[in-house]
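Chemist: Chain by chain, the residues:
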Amino acid sequence: MLILYMITAFLVGVSFLAAPRKTGRALDVALRRFLRILPTFVVVMVLVAVVLHLVPDHLVMRVLARESKWAAMVSAIGFGSVSVIPGFIAFPLCGLLRDRGALYMVISAFSTTLMMVGVVTFPMEKVYLGARLAFWRNATALVIAIVVAVATGFVFGELP
Amino acid sequence: MRILKQYAWPAGVAGSFALFVLLSHAAAFAPGEAMGESFLSFFWQMLKILPCVFVLIGLFDVWVKRETVEKHLGRESSALSYLWAVLLGGTMVGGLHVALPVGHVLRVKRAKLAVVLAFLSASAICRVPMTLFEIAFLGWRFSCVRFAVSLPLVVLSSAILGHWFDRLQYRLPDIDGPERKGL
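For the record, the sequence lines run as chains A and L. 1 is the number of the first residue of the first sequence in this note's numbering; add one for each residue after it. 161 is the number of the first residue of the second sequence in this note's numbering; add one for each residue after it.
In isolation and in its complexed conformation, chain A is listed as follows:
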C-alpha cells in the first residue's frame, strides 16, 4: 500500500517539475472523476455489507456441500453471482468447502462467478459502461463461469 503512495507521489513530483499546469489539470481530472463515482461507490459498499450478512458463510458452506451435485452447482452459481466476498475471505472459504467434501466443480462455479459476475456491483459498472454493455458483460461472464465449472468437473473426474 505504502509503495503505491510512494510511486504516485514520485510521479506527481516529476510531472510537476516538468509541467506544473499540466499536473494541475491531471489533479483536476482525478478529483472530478473521484467525486463522480463516490456516491455510487458508497451505495455499492452498503449493498456489499448488507448482502454479506444476508448470505453468511455457514449458509454457503451448508448449501454447497450438499449431496446432489447439480443442486449444489446451481446454488454455487447463484451465491457467487449475488455475493461479493473479498478474495482473502473467499479462498479460505473454498478450501474449507473442499475439506467438507464439496466438489471441485461446485467450488469452481462459486469462485468464478464470485470473481466475474457482480449483481451488487452493477450500479458501478453502469456508471462506466452503461446499463446495456454492463448487462451483456455480466451475462457472458456467467456463461464462461459455467463452462469453467463443467470443465473442472471433467478434469477432476466428477463428471460425467
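Any given hint might turn out to be false.
Unchecked claim - Computed cross-link-like contacts, SDA-like style, restricted to lysine to any residue with a CA-CA straight-line distance of at most 25 Å:
| no. | chain 1 | residue 1 | chain 2 | residue 2 |
| --- | --- | --- | --- | --- |
| 1 | L | K269 | L | R235 |
| 2 | A | K126 | L | P170 |
| 3 | L | K269 | A | V155 |
| 4 | A | K126 | L | W169 |
| 5 | A | K22 | L | V224 |
| 6 | A | K126 | L | R301 |
| 7 | L | K225 | A | K69 |
| 8 | A | K69 | L | R301 |
| 9 | L | K208 | A | F34 |
| 10 | L | K269 | A | L11 |
| 11 | L | K269 | A | K69 |
| 12 | A | K22 | L | R226 |
| 13 | L | K225 | A | L4 |
| 14 | A | K126 | A | R36 |
| 15 | L | K208 | A | P123 |
As the list claims (entries may be wrong) - Simulated DEER-style distance windows between Cβ atoms:
| no. | chain 1 | residue 1 | chain 2 | residue 2 | range |
| --- | --- | --- | --- | --- | --- |
| 16 | A | E67 | L | Y330 | 42 to 50 Å |
| 17 | L | H185 | A | L159 | 46 to 54 Å |
| 18 | A | V55 | L | Y167 | 27 to 35 Å |
| 19 | L | L292 | A | V51 | 20 to 28 Å |
| 20 | A | Y5 | L | V288 | 30 to 38 Å |
Worth flagging that the hints you see were computed from the coordinates, not collected in a lab. Only a predicted model underlies this, so the values are computations on that prediction, with no experimental measurement involved. Think of the CB as a built atom: it goes at the ideal place given N, C-alpha and C, for glycine as much as any other residue.
Once you've looked at the hints, dock chain L against the given chain A.
Modeler: Using the frame of chain A, we list chain L on its own:
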C-alpha cells in the same frame, strides 16, 4: 441540477443505512452492528487506494498521447492488443472499482471496446496475488484448469461483444461532463 440528481438517491441510501446502524447499536441488534462494521472496513480499505488510482489515471490522461494508446490498443491494432489487455489486467491492484475507471480512461484514449472488455475480465480472473492465494488453498491443478478455460473464452467473448457494440455505435457514458465528447 445534475449534481443534485446525482447525489440525491445515494445520499438517501447512505442516510437510511447510517440510521439503521445507529438504531441497531441503540437496540443492541447484532446483525445491524456487524453490517455497519463491515461497511466501514470495506469502505476504508477501498478509500485507501482509490485516491492514488485516480491521481494516476489523471496523470495518464494528460501525459499519454491518444495516438500511442490507439496504435497499440485501438481499432487498427493487432491481436497482440489482447495480450496487453490481459497482462495489464493481471497486474492490477484491487478489484472492479479500480479496473472500471482505468478501463474507461483507456477507452477515452481510443482503445477499442473489445480490448477494454478483455482488460476488465482479466483484472477479475487473473490478478497475480489473488491467483497465488487460490493456488495455496485449492492447488495448482484447479487454477490451471480455470486459466486454460476462462482466458481464451474471455478474449473470444470480449472480441464478439466489442465488435457487436461497435457496430451499434455504442458510446460509453460520458463521465467528464460536456467538454469531452466522442468516446
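Chemist: So which of the earlier hints does this model not fit?
Modeler: Structure breaks hints 3, 6, 7, 11, 20.
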